[in-house]
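Engineer: Given next are the chains, with one letter for each unit.
2 protein chains.
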Amino acid sequence: MKYFKYITITALSLMLFAACAKEKEATEEYTEVSYYKMDSNGDLMRPTGYRDWVYVGTPVTPNELNNGAAAFPEFHNVYIDPMSYKHYKKTGKYREGTVMVKELVSVGDKAATSGIGYFQGDFLAVEVTIKSKELYPDEPGNWAYYGFHTDDAGNLPATQKPFGAQHCNICHQTSAAEDWVFSQYYPVLRAAKGVGENVNPEDSDKR
Amino acid sequence: MKYFKYITITALSLMLFAACAKEKEATEEYTEVSYYKMDSNGDLMRPTGYRDWVYVGTPVTPNELNNGAAAFPEFHNVYIDPMSYKHYKKTGKYREGTVMVKELVSVGDKAATSGIGYFQGDFLAVEVTIKSKELYPDEPGNWAYYGFHTDDAGNLPATQKPFGAQHCNICHQTSAAEDWVFSQYYPVLRAAKGVGENVNPEDSDKR
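Chains as they are written, first to last, in this note's numbering: chain D, 3 to 209; chain F, 3 to 209.
Any given hint might turn out to be false.
To be verified - Okay, derived cross-link-like pairs now, EDC-like style, lysine to aspartate or glutamate, Cα gap no bigger than 16 Å in a straight line:
{"hint": "1", "chain 1": "D", "residue 1": "Lys195", "chain 2": "F", "residue 2": "Asp54"}
{"hint": "2", "chain 1": "F", "residue 1": "Lys88", "chain 2": "F", "residue 2": "Asp54"}
{"hint": "3", "chain 1": "D", "residue 1": "Lys195", "chain 2": "F", "residue 2": "Asp124"}
{"hint": "4", "chain 1": "F", "residue 1": "Lys195", "chain 2": "D", "residue 2": "Asp54"}
{"hint": "5", "chain 1": "D", "residue 1": "Lys39", "chain 2": "D", "residue 2": "Glu136"}
{"hint": "6", "chain 1": "F", "residue 1": "Lys112", "chain 2": "D", "residue 2": "Glu66"}
{"hint": "7", "chain 1": "D", "residue 1": "Lys39", "chain 2": "F", "residue 2": "Asp205"}
Treat the hints as calculated values from the structure; they're not laboratory data. Being a predicted model, the structure only gives us computed values, none of them experimental.
Work out the full structure, taking the sequences as your base and the hints as a guide.
Structural biologist: Have a look at this one:
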């Protein structure tokens, strides 16, 4: 009975440590998981939470500059998942499982106190590309492309099958600066490439 | 001596728990700290790491649409610190200590395979606004504005004093949609406002 107190304290302490360590492991594990999810049919579930990912850049090619019929009349806000961003900073490469999201936003106002130009309006749709040798062994560069569109931007499809390579992949293959990614238009990626996993590119010479 | 083993194990277990709990606390503490830092003179140190914050939107008002002399000829990529974003989702308000960063990026290419338009070129400068009743009791809305500019974007000033209210604050006060923030041009903020601390706005009706 004399030992009992110590054994109890020891057991309780070990349990506390185990619980604490488990919680920590769960947090770290999150950063290892994929940022995409397939349903039981192998279709991509529309990603959410990407507005907390790393933003890389925004082109805009409005209708009025393209004879009233732009192929891509919206702002395109482009994000990369944070784990792949970290990997890209470390290696300068897009890892297996890289997810990039392109959020389509309408051209809203064209004038403000700051001047004449283009201001972001409403969210319209979401497009996604994933690089995976495992999932897309036959896609050029192992990149597949998905689009989540409807007329009601508040009610986008929950799942989607990839486009055929002729719809997106071929243009990325032909014109993107590096590994099917248009990084020539994404200054955040250009500055981050190989800068070091734990370096802030905002602080490096490459900024 | 018989107790010694248990006392040792107990002590070790408690140390392990304490170390683990401390690490966890440090991680959580990070999310509580400010996202700005002042030097010993009270000047703002140029923030870094903000490309990992939450992106809110990008207006562009190029020279050629403003008689060759735009007041703001660059893309403006705007970020909010993640803690303030979370607070804004929960309350719909900008908390004490909110930091927003505006990264200035040149207009680069004006044509690509996607069409005629504006594509982001090079990083030029960083501007910052902070809301703090404690730091800026006399600034309208308690917002102060800073600019980190030089001719060499790779070598921006390390610290900066705030602009006088007549330079930035007055225009924000007059024309910004809400609490000195031009959220009318930042769809991410419009969708996030009061949606719930742990809700992904991408998944809500407001998207």
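Engineer: All hints are to be evaluated individually against the structure, with a verdict given for each.
Structural biologist: To see whether the hints hold, each was checked on the structure:
1. D:Lys195 x F:Asp54: holds, 15 Å
2. F:Lys88 x F:Asp54: Given pair Lys88 of chain F, Asp54 of chain F holds - Cα atoms ~14 Å apart, limit 16 Å.
3. D:Lys195 x F:Asp124: holds, 15 Å
4. F:Lys195 x D:Asp54: holds, 15 Å
5. D:Lys39 x D:Glu136: holds, 14 Å
6. F:Lys112 x D:Glu66: At roughly 14 Å apart (the allowed maximum being 16 Å), Glu66 of chain D and Lys112 of chain F satisfy the hint.
7. D:Lys39 x F:Asp205: holds, 15 Å
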